[in-house]
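Enquirer: Chain V: place on chain S using the hints.
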Amino acid sequence: QKEVEQNSGPLSVPEGAIASLNCTYSDRGSQSFFWYRQYSGKSPELIMFIYSNGDKEDGRFTAQLNKASQYVSLLIRDSQPSDSATYLCAVKRTLWVFGKGTRLSVIA
Amino acid sequence: EPEVTQTPSHQVTQMGQEVILRCVPISNHLYFYWYRQILGQKVEFLVSFYNNEISEKSEIFDDQFSVERPDGSNFTLKIRSTKLEDSAMYFCASKDRTQETQYFGPGTRLLVL
Chain S
1 QKEVEQNSGP LSVPEGAIAS LNCTYSDRGS QSFFWYRQYS GKSPELIMFI YSNGDKEDGR
61 FTAQLNKASQ YVSLLIRDSQ PSDSATYLCA VKRTLWVFGK GTRLSVIA
Chain V
1001 EPEVTQTPSH QVTQMGQEVI LRCVPISNHL YFYWYRQILG QKVEFLVSFY NNEISEKSEI
1061 FDDQFSVERP DGSNFTLKIR STKLEDSAMY FCASKDRTQE TQYFGPGTRL LVL
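First to last, the sequence lines map onto chains S and V. Here the first sequence stands for residues 1 to 108, where the numbers follow this note's numbering. Here the second sequence stands for residues 1001 to 1113, where the numbers follow this note's numbering.
Source of the hints: derived by calculation from the structure; they are not laboratory data. These numbers were taken from a predicted model, which means no experiment stands behind them. In this text, a Cβ means the ideal position worked out from N, Cα and C, and glycines have one as well. Be aware that one or more of the hints could be misleading.
[To be verified] Derived DEER-like restraints, expressed as beta-carbon distance ranges:
no., chain 1, residue 1, chain 2, residue 2, range
1, S, ARG28, V, ARG1022, 37 to 45 Å
2, V, SER1055, S, LYS2, 17 to 25 Å
3, S, SER82, V, ILE1038, 23 to 31 Å
4, S, GLN1, V, GLU1053, 22 to 30 Å
5, S, GLY16, V, GLU1085, 28 to 36 Å
6, V, LYS1083, S, GLU5, 41 to 49 Å
7, V, SER1066, S, ARG93, 21 to 29 Å
8, S, GLU57, V, PRO1002, 40 to 48 Å
9, S, ASP78, V, LYS1083, 19 to 27 Å
Isolated chain S, as found in the complex:
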């Protein structure tokens, strides 16, 4: 059974701080890694994807991948109240497998 694990949270951070979201996956053959944001009652929205070990930055967001440790993370710099949402980690080999998500709350 291929699993993607995330801490369900809530993760509370003050406005302006760095939020760090973590994800581990069980399928060592996974090739693509995605972070989605899902507001309550809404559909998922892709924030970033990463394929290679290391960091990938896009604005305030940085995805980090360590395939040896089967670990992928998302850093959100200068967190804003509008970042408050559930963040979903998804992993793909042939099929997409999602984690249950981490709820982030940014306190103004």
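Expert: Just chain V now, kept in the frame of chain S:
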């Protein structure tokens, strides 16, 4: 900005009935997907569709499920004989050939009684 649309937004049906959920993907997209999310649970991949055939499907996508692209714009998910456990939000998504970004529709909330 183009977006994926889904109809209906809510559907209530009796157990054993057939339902068809409809999606209109973004017009120049070629890859289409269905996902479901049971309330409070994780998003689950059901099926992907490209070039008028299923590319990948999960073990959830059994013989009770089928997909179709009946014309140039619609993409449908049919559940032949609904069960209570089919109650969920069903999301359609689409993407073009060049990008990894899948654009999700707003979802259809299905309730099976």
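Enquirer: Failing hints, ascending?
Expert: Hints 5, 6, 8 and 9 not satisfied by this model.
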